[in-house]
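A.B. asks: Given the structure of chain A, go ahead and fit chain B onto it with the hints provided.
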Amino acid sequence: MSTISVRSGRWRRIRALVVKESLQVVRDPSSFVVAFVLPALLLFLFGFGITFDATRIKVGLVVEEPTPESQEFVASLSNTRYFDVRQSSSRLSFVDDLSAGKISGIIVLSGDFTERLARGDTAGVQVITDGSDPNTAGLVTGYVQGAWQSWQSQRNFASAASAPGQIDVQPRFWFNPELESRRLLVPGSISLIMMMMGSLLTALVVSREWERGTIEALLATPVGTLEFIIGKLVPNFILGLCAMTVCVLAALFVFDIPLRGSLIVLVGFTAVFLAVALSLGLLISTVARTQFVASQMAMLVAFLPGLYFSGFLFEIASMPAPLRAFSVIVPAKYYVRGLQTIFLAGDIGSVLIPCTLILVFMSTVLFVLTARNTRQRLD
Amino acid sequence: MVSPLVSIEGLSKVFAPNAPAAIQALTTEIKAGQVTGLVGPDGAGKTTLMRLMAALLEPTEGRIAVLGHDARSEATAIHDEIGYMPQRFGLYEDLSVMENLTLYADLRGVVGDERKATFERLLAFTDLARFTDRLAGALSGGMKQKLGLACAMLKSPKLLLLDEPSVGVDPISRRELWKMVYSLIDHGVGVVWSTAYLDEAENCAEVIVLNEGRVLFQGDPKAMTAGISGRVFQVHGAGADRRSLLARTLASPDIIDGVMQGEAIRLVTAEGAAEPTPQSIGASSVVINNVPPRFEDAFVAMLGGQPKRTLTAPGRQPERHDGHAPVEAKSLTRRFGDFTAADHITFEIARGEIFGLLGPNGAGKSTTFKMMCGLLRPTEGAALVDGLDLYMAPSAARARLGYMAQKFSLYGDLSVAQNLDFFAGAYGLSGAKRREAVARVIDAFDLKAKLHQNAGGLPLGFKQRLALSCAIMHEPPVLFLDEPTSGVDPLTRREFWGYINAMVGRGVTIMVTTHFMDEAEYCDRVGLIYRGKCIAIDTPEALQASVKSKELPHPTLEDAFIALVEAHDLRQQQAAA
Numbered sequence: 000m001s002t003i004s005v006r007s008g009r010w011r012r013i014r015a016l017v018v019k020e021s022l023q024v025v026r027d028p029s030s031f032v033v034a035f036v037l038p039a040l041l042l043f044l045f046g047f048g049i050t051f052d053a054t055r056i057k058v059g060l061v062v063e064e065p066t067p068e069s070q071e072f073v074a075s076l077s078n079t080r081y082f083d084v085r086q087s088s089s090r091l092s093f094v095d096d097l098s099a100g101k102i103s104g105i106i107v108l109s110g111d112f113t114e115r116l117a118r119g120d121t122a123g124v125q126v127i128t129d130g131s132d133p134n135t136a137g138l139v140t141g142y143v144q145g146a147w148q149s150w151q152s153q154r155n156f157a158s159a160a161s162a163p164g165q166i167d168v169q170p171r172f173w174f175n176p177e178l179e180s181r182r183l184l185v186p187g188s189i190s191l192i193m194m195m196m197g198s199l200l201t202a203l204v205v206s207r208e209w210e211r212g213t214i215e216a217l218l219a220t221p222v223g224t225l226e227f228i229i230g231k232l233v234p235n236f237i238l239g240l241c242a243m244t245v246c247v248l249a250a251l252f253v254f255d256i257p258l259r260g261s262l263i264v265l266v267g268f269t270a271v272f273l274a275v276a277l278s279l280g281l282l283i284s285t286v287a288r289t290q291f292v293a294s295q296m297a298m299l300v301a302f303l304p305g306l307y308f309s310g311f312l313f314e315i316a317s318m319p320a321p322l323r324a325f326s327v328i329v330p331a332k333y334y335v336r337g338l339q340t341i342f343l344a345g346d347i348g349s350v351l352i353p354c355t356l357i358l359v360f361m362s363t364v365l366f367v368l369t370a371r372n373t374r375q376r377l378d
Numbered sequence: 000m001v002s003p004l005v006s007i008e009g010l011s012k013v014f015a016p017n018a019p020a021a022i023q024a025l026t027t028e029i030k031a032g033q034v035t036g037l038v039g040p041d042g043a044g045k046t047t048l049m050r051l052m053a054a055l056l057e058p059t060e061g062r063i064a065v066l067g068h069d070a071r072s073e074a075t076a077i078h079d080e081i082g083y084m085p086q087r088f089g090l091y092e093d094l095s096v097m098e099n100l101t102l103y104a105d106l107r108g109v110v111g112d113e114r115k116a117t118f119e120r121l122l123a124f125t126d127l128a129r130f131t132d133r134l135a136g137a138l139s140g141g142m143k144q145k146l147g148l149a150c151a152m153l154k155s156p157k158l159l160l161l162d163e164p165s166v167g168v169d170p171i172s173r174r175e176l177w178k179m180v181y182s183l184i185d186h187g188v189g190v191v192w193s194t195a196y197l198d199e200a201e202n203c204a205e206v207i208v209l210n211e212g213r214v215l216f217q218g219d220p221k222a223m224t225a226g227i228s229g230r231v232f233q234v235h236g237a238g239a240d241r242r243s244l245l246a247r248t249l250a251s252p253d254i255i256d257g258v259m260q261g262e263a264i265r266l267v268t269a270e271g272a273a274e275p276t277p278q279s280i281g282a283s284s285v286v287i288n289n290v291p292p293r294f295e296d297a298f299v300a301m302l303g304g305q306p307k308r309t310l311t312a313p314g315r316q317p318e319r320h321d322g323h324a325p326v327e328a329k330s331l332t333r334r335f336g337d338f339t340a341a342d343h344i345t346f347e348i349a350r351g352e353i354f355g356l357l358g359p360n361g362a363g364k365s366t367t368f369k370m371m372c373g374l375l376r377p378t379e380g381a382a383l384v385d386g387l388d389l390y391m392a393p394s395a396a397r398a399r400l401g402y403m404a405q406k407f408s409l410y411g412d413l414s415v416a417q418n419l420d421f422f423a424g425a426y427g428l429s430g431a432k433r434r435e436a437v438a439r440v441i442d443a444f445d446l447k448a449k450l451h452q453n454a455g456g457l458p459l460g461f462k463q464r465l466a467l468s469c470a471i472m473h474e475p476p477v478l479f480l481d482e483p484t485s486g487v488d489p490l491t492r493r494e495f496w497g498y499i500n501a502m503v504g505r506g507v508t509i510m511v512t513t514h515f516m517d518e519a520e521y522c523d524r525v526g527l528i529y530r531g532k533c534i535a536i537d538t539p540e541a542l543q544a545s546v547k548s549k550e551l552p553h554p555t556l557e558d559a560f561i562a563l564v565e566a567h568d569l570r571q572q573q574a575a576a
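Line by line, the protein sequences are chains A and B.
Each residue of the first sequence is one higher than the one before, counting from 0 in numbering that gives the first Met the number 0.
Each residue of the second sequence is one higher than the one before, counting from 0 in numbering that gives the first Met the number 0.
Hints were generated in silico from the structure; no laboratory data involved.
A couple of the hints might just be wrong.
[What the hints assert, rightly or not] Which bits of chain A does chain B cover? Going by a derived footprint, with three or more residues having C-beta under 8 angstroms, they are:
| # | segment |
| --- | --- |
| 1 | 37–43 |
| 2 | 60–71 |
| 3 | 359–368 |
[Claimed, not checked] Partner residues are not named here, just some residues of chain B that face chain A (Cβ under 7 angstroms, in silico):
| # | residue |
| --- | --- |
| 4 | 56 |
| 5 | 83 |
| 6 | 85 |
| 7 | 91 |
| 8 | 106 |
| 9 | 109 |
| 10 | 434 |
Computed from a predicted model, the values in this text were never measured in an experiment.
By construction, the Cβ of each residue, glycine as well, lies at the ideal position given by its N, Cα and C atoms.
Bound-form chain A, shown alone (with noise of 0.2 angstroms):
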């Protein structure tokens, strides 16, 4: 046989398994939800469901002592959004309702308020809050803080005796001008999103072929390894492109994320990533004979590690050297920074280009090692 028939047999047999393995996506349900309705549930869940920002947490707030001056702090307390508040002039009425968690936090205003703010001298108010949530707990303490401040200014505003030297603060915060954690979090959800997807539709491609005895037959045919992840990895990059489709319009149209970077950079950075999780879906496929040990083996591996060390929910710099250390090689957190850098900074090389070249380094790796421990027999 020439080197010339060998060559053109391996590409009809690559075109013939990529043909086969699409037929099989555009006619299997299974694929479809895979790649279009779990992501675009998983972007609505993270991106409606989760946020950290807080709006009208339940307060109990308690004046000791009426006067014009406290009165004057409640009502600004009052018409934030922040705090959804219910008066009282005893602490104690709000100590059970703070232990059952219905309220997030007390805040009081002492008896003394009024001689002590003529005095200029700490302000007279405590806050106490639920500190088995230190989350809404450092938001309440915050708020109040805030609140605080604005109106001690408004007042010397109204009294125009602003202090002389006083530093003025006008804090700039740039590409997420309005602090909204959802624009960080839709890009996160979408890297989470796509690991999961990504590695999933490989994984289980491969093993479907195992549990309905359907590689025996193709084993016993010419094809070679690689031939056989080239026709796995090819419909299935296609069918990751068109989720990453859904992500991006959903993100664009229905949360309002800006996209800063071009489209071009977006694409092409996904690609990158996209081989990284079809990959690991191979490898996964390798070891995995069943559908149910892949998709338990694809949320061990790729989104489990993803949603903990990709950074976008958890900060991975206060955790512990070892975890941190172990982030290094979860192929999400590169994706996660890119990702979020494409849409609210723009095409910063300087994130952008070790990022890929980490990815790149990653695919090849995975690559490798599917294509060493892919069986060309059955045992």
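C.D. replies: Same frame as chain A, but now just chain B:
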């Protein structure tokens, strides 16, 4: 001297370090231009040997050369030249017939004019030309099998390996497949056909009988059968007493094998033993004829005859509910949308009778069976046990029946004793009653020896005994069996039916579904289910007699089955025309 297609020397295959070898020190040859049957019970190593020959498994020890290529180092060359049809046929069920063919043609490099000619030839050969657009998953078992064969034959292989091609395929398709395979032989192809059905061995030029990974016999099946000619007899005229007569006869050391064949008993005598006479078997009114041996007779004789065990019939005689047939199907109908899976099926089973529901896969057998068990609601009609409707009074009716599923439905991770205990509890037995019931089946089915072993690791025969004991824990007067011994080796099958016969002797009523002719031979009466209809109900002999003709002076039950189905199709066509 033509060189063999496959030569195997000292081959062993071990899957796990401590597991017993699947193939042990096997040496053999496969010749060209003939069908070689690979025969043996479940777990004998047939599939392992097939996969080793297809270079899909790596030998642990020894050497295989396929068409001159070493299976270890030249797997690709072997894949290029052989055709292999795995169990379940290796088809993509979500691709159409043509898409499956095209895929395998591309993979095997059959292109251009060659492809066109090959497709034409194979589609005509398999009679699939009308169905090229149909999804493979929507084909019948027989059609899938033919498509699988077509895919395996695309590149005109010199060696064709067929792994249990006849499992789950009805007798008609099975015959067609044999015809197709014979026409390949005429073109010089060597075929290896593995099967658990011993009657298929008689179609092979050469058989390799495998048991526990070793070759028991290799050679012409006719030579093997001829070895016991003159030692096989049929006993006619024993009537209702025939089951106990069989049990009595088997106790004699002169008789090494005995099975039911409809109203007759088939006996095989020990080597050198005297011919059985009505006096010697203690039944004066019977007629005994010498009959030609079958492959199965020789197979069982080679394994030393069937195990002799005195059966203690389990439990007490079931109470009688006079005035009602124990099992009754009244115009049972079930529709799924437009499709009528069971169409006004009516039959009655008498007390102490074994009734068989016989039919090809997809004929409506399982649908009928599920309605009889109360697992599926009939669209019309009723299923009754002891006069109780399985839908009007489900728990009272179900308490009277025992059910043994086709697949091993016990808990593999529980011990024998734990399984027994669990099933006793599931039937609502508790306290002293439960202990009594468990002790009774342990005694009756001889389960004591392995009481504390996990059920999953037991030999097949023991598993079956355990499954049967669990199904009859509550001493039901009616027992339903779903393909109880298909794919089971002949010895285990004999042992199982020994228990069933003993239970029938005490008046238990049995209904069994099967597509397996040997099982049907154990039945008193058979209902033939085809395309949702019950097209014939009678004793096996009467069904055989009804198709007797000049061409077929001694029809087997399978012949009868095929002739009745064909006659039904003909009537349908005439009615349509």
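A.B. asks: Each hint: holds or not?
C.D. replies: Each hint tested on the structure:
1. 37–43: Not satisfied, violated; 0 residues make the cut.
2. 60–71: violated (count 0)
3. 359–368: Violated - the segment 359–368 of chain A has 0 residues with a Cβ nearer than 8 angstroms to chain B, which falls short of three.
4. 56: holds, 5 angstroms
5. 83: OK, holds: residue 83 (chain B) within 7 angstroms of chain A, min 4 angstroms.
6. 85: Hint on residue 85 (chain B): holds, closest Cβ of chain A at ~4 angstroms, below 7 angstroms.
7. 91: For residue 91 (chain B), the interface hint holds, since the closest Cβ of chain A sits about 6 angstroms away, which is under 7 angstroms.
8. 106: holds, 4 angstroms
9. 109: Violated. Min distance 10 angstroms.
10. 434: violated, 38 angstroms
Checked against the numbered hints above, the structure violates hints 1, 2, 3, 9 and 10; every other hint is satisfied.
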